[in-house]
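There are 4 protein chains.
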Amino acid sequence: MATPVSITRDSSQTDRAILGIRDLVLRGEFKGGERLAEVELAERIGVSRTPIRAALQKLEEEGLLELAQPTGYIVRRFTETDLDDAIEVRGTIEALAARLAAERGTSRVVLGQMRECLAEIDAVLAEKMVDLEHLNRYAAANARFHQLMLEAAGSEIIERSLKRVVSLPFASPSAFVLAQSKIPDAFDLLKIAQAQHHDIVDAIGARAGARAEALVKEHARIARKNLELALLHADALDYVVGGSLIRRYADDGR
Amino acid sequence: MATPVSITRDSSQTDRAILGIRDLVLRGEFKGGERLAEVELAERIGVSRTPIRAALQKLEEEGLLELAQPTGYIVRRFTETDLDDAIEVRGTIEALAARLAAERGTSRVVLGQMRECLAEIDAVLAEKMVDLEHLNRYAAANARFHQLMLEAAGSEIIERSLKRVVSLPFASPSAFVLAQSKIPDAFDLLKIAQAQHHDIVDAIGARAGARAEALVKEHARIARKNLELALLHADALDYVVGGSLIRRYADDGR
Amino acid sequence: MATPVSITRDSSQTDRAILGIRDLVLRGEFKGGERLAEVELAERIGVSRTPIRAALQKLEEEGLLELAQPTGYIVRRFTETDLDDAIEVRGTIEALAARLAAERGTSRVVLGQMRECLAEIDAVLAEKMVDLEHLNRYAAANARFHQLMLEAAGSEIIERSLKRVVSLPFASPSAFVLAQSKIPDAFDLLKIAQAQHHDIVDAIGARAGARAEALVKEHARIARKNLELALLHADALDYVVGGSLIRRYADDGR
Amino acid sequence: MATPVSITRDSSQTDRAILGIRDLVLRGEFKGGERLAEVELAERIGVSRTPIRAALQKLEEEGLLELAQPTGYIVRRFTETDLDDAIEVRGTIEALAARLAAERGTSRVVLGQMRECLAEIDAVLAEKMVDLEHLNRYAAANARFHQLMLEAAGSEIIERSLKRVVSLPFASPSAFVLAQSKIPDAFDLLKIAQAQHHDIVDAIGARAGARAEALVKEHARIARKNLELALLHADALDYVVGGSLIRRYADDGR
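Protein chains in written order, with the UniProt record's numbering: chain A, 1 to 254; chain B, 1 to 254; chain C, 1 to 254; chain D, 1 to 254.
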């Protein structure tokens, strides 16, 4: 028979360790390439070493850490190509969801909810401000929109696949939104992204799956543009979750 | 400091539990919808309950099990749509890899290795037999081919993403190959699949990324045809890893 | 032996008739559905009836006229779906050209010429005016850009195919640009179109054919948006070549 | 008022000249690069020089002839790339039609008619013969199938666009079918083409437009394979309409 209590306790400790380590790493407390010490992590997070070990293994699978030689784990460093690829994979799976949402048919109710998100974003953009308050409102409505699009495909398999891919920082649809507060011309990119949002809903509503798929793929590439711009403006990177892990070319003397 | 010994021991126990449970489930020892008991699993696999718990959690994340109410885990049942979606996701990510392999350029050496796999498959098909011996040879060369195609993209991120998606049974490129020993006209499907293989290598070599992407997506759909055919021939399903988890429409009286 | 003189004279008369009739029709002198009289056309254009007949046949092949019952020709009327389809066909062939330009490789010289066109458009947009003078400058640079993109594919066959498809009014890449002087928010559409131009050049330069193809298809759909907007603003349609042939739903009491 | 009688007479003479010259050229009576003499053509076809001139101009527009210097026309020679491009353009427009047929929805009646064509082809292939009699039956059902697919899109604009593109020899869906009587392994290509036909109908019926589009594009490329094979087997080229116009690399000493 299953033993719920201990499972719950165990997994809550492991989950706490996972969240704690991920947070430390993404906040930049450990730099890319730095070795992680179990004892130190156990003390800082306040759990025993067993859940720390399980968490390290999990985060290695997620791709945030890598195995060190001869033993242990180091914080992974990401090249610009890694980020491009992560964004491309995310965009590809989201695009698949959008295509299936169009082909299988999406109810008016869901299309209406998607349009509500877009009305909120339109309202944010109408104020023509790109400060953190406006960007946070943008990011919230944007995240809901992307979640609705995913659900519209009606596929648990795809939803699960996307969640795994997005477990990497940088790959989420809103990863670079806040960084835009420090990027010149960010407002133009936001308007283009929002125009794509409107086109995506139109395409899904018109059952034009090929168009929906192509639009979503291209939409994801706005994150790549934001990344490029963030790399040019050092303070922008501070607003990207995990920004400290991005291997800057300058750092390597390249 | 990291403590390698205990990590290794722990994770080897957990890995053993994961492999053991996965094997029992995919061999059909537990049916779709059946509740799993920790104690029984611990005894059958010969590890303690702690690694069993970690393994169950891992397999739930993979999508092979699902959380039961109020506690514990049951074996997941898959509908035909689930399988279609899993195959589509796999095909979509493989197709992305093939496109990038074409666009970024693939060396003659790697193209040559891909062609060697195809020469092996050509040799198998020239004997015009679809018994298990020939299908096993086909499956082996096929798996190498798909791995080379993935590596040709030169992206650790994509490779990792695909591995996670393929952690589901049925989604692997060779999942249905052995079932073809029990499917009439299987030989024609193998020849079509092999013609696609040749076209894929040509497209990558010609840097025709859009064509490579479209071909690989369509290539994956041969698995869907095999699935449909396997569902019509009960004995074919015995040769699909995890075939017992596929929810047959007849089972539900639909 | 060929007889150049008479060919030249004949075809110059026919060409004059073609240009004359096309101009009369597109300027709205004859309405959609109106029957054309040979004698009247011959007088207005100043050529004999033989070249008029040849011209009418040619324009029927082009799709601007249609055969009347029992004889003769009437001016064709176009539905919104006809226009959508014409734009989609144009976008599809241009997209093919862009893909091949990316896959076959485009020289730095040509990429540089494309970027010069975009610099001109950037300069026009920097003045934030959408009057006819600015739109004419936009349209000129836009037409050069699209021509360069087509030539980059290096395919006489594709160039010829596109020319035939674009023989229909409305289908040309700049068909709706001038109408934007009467459309609110036209400036935003111009900026989005220009952002797509930049992305297209980037994709061709990076040999990313699939992306280039998808971008150009989507780019063409901006013409559909302009069409929709022009149909809402009667005076905008006056700036579309052949605007008088578009069958307005209101006209039919629908 | 229009004058039907003379139009009819004129155009019937011109049509006769067009058909006559096209036939002479495609039958190989004039070789690629050869200059055409009006007087000789007028005598052989039995019409006066005026319709011959109109026909030459028309065939130059179609792409079968080209303007000579200083005057007159020569028979165009086609490179393998020209043929590839013509096939690619044809496939691209047919693919657009298939996508729209899927997205806009195709009636069961039309899907049934498409399946009837496929049943005929299945019957032909079941006899496992690739002689001219079987290939002619294949070509007839194949042509009907492609026509039905085109009509399923319900777009006069697309139909017209395709007709113009296919005015070039080699570009038609059945251009290389008869040549297969002289090509080893032709039967395998026919089976693959037919498997694609079945997939195309399935995709249109399932409203899977992106898949239908990709399948039709790839389907057209079978013509490119047939072309390559025909170039290797000189006698096969005799069965391709206009085969004598294909510039063989050997001819140029390349």
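What the hints contain is simulated information worked out from the structure, not anything from laboratory work. A portion of the hints provided could be inaccurate.
Which copy is meant is left open, because identical chains are indistinguishable; a pair holds if it fits in one copy or across any two.
Here are the simulated DSS-like cross-link-like pairs (lysine-lysine), alpha carbons at most 30 Å apart as the crow flies [claimed, not checked]:
1. LYS31 <-> LYS191
2. LYS182 <-> LYS31
3. LYS128 <-> LYS31
4. LYS128 <-> LYS163
5. LYS163 <-> LYS225
6. LYS225 <-> LYS182
Could you check the structure against the hints above and give me the numbers of any it violates, in ascending order? Numbers 1, 3 and 4, in rising order.
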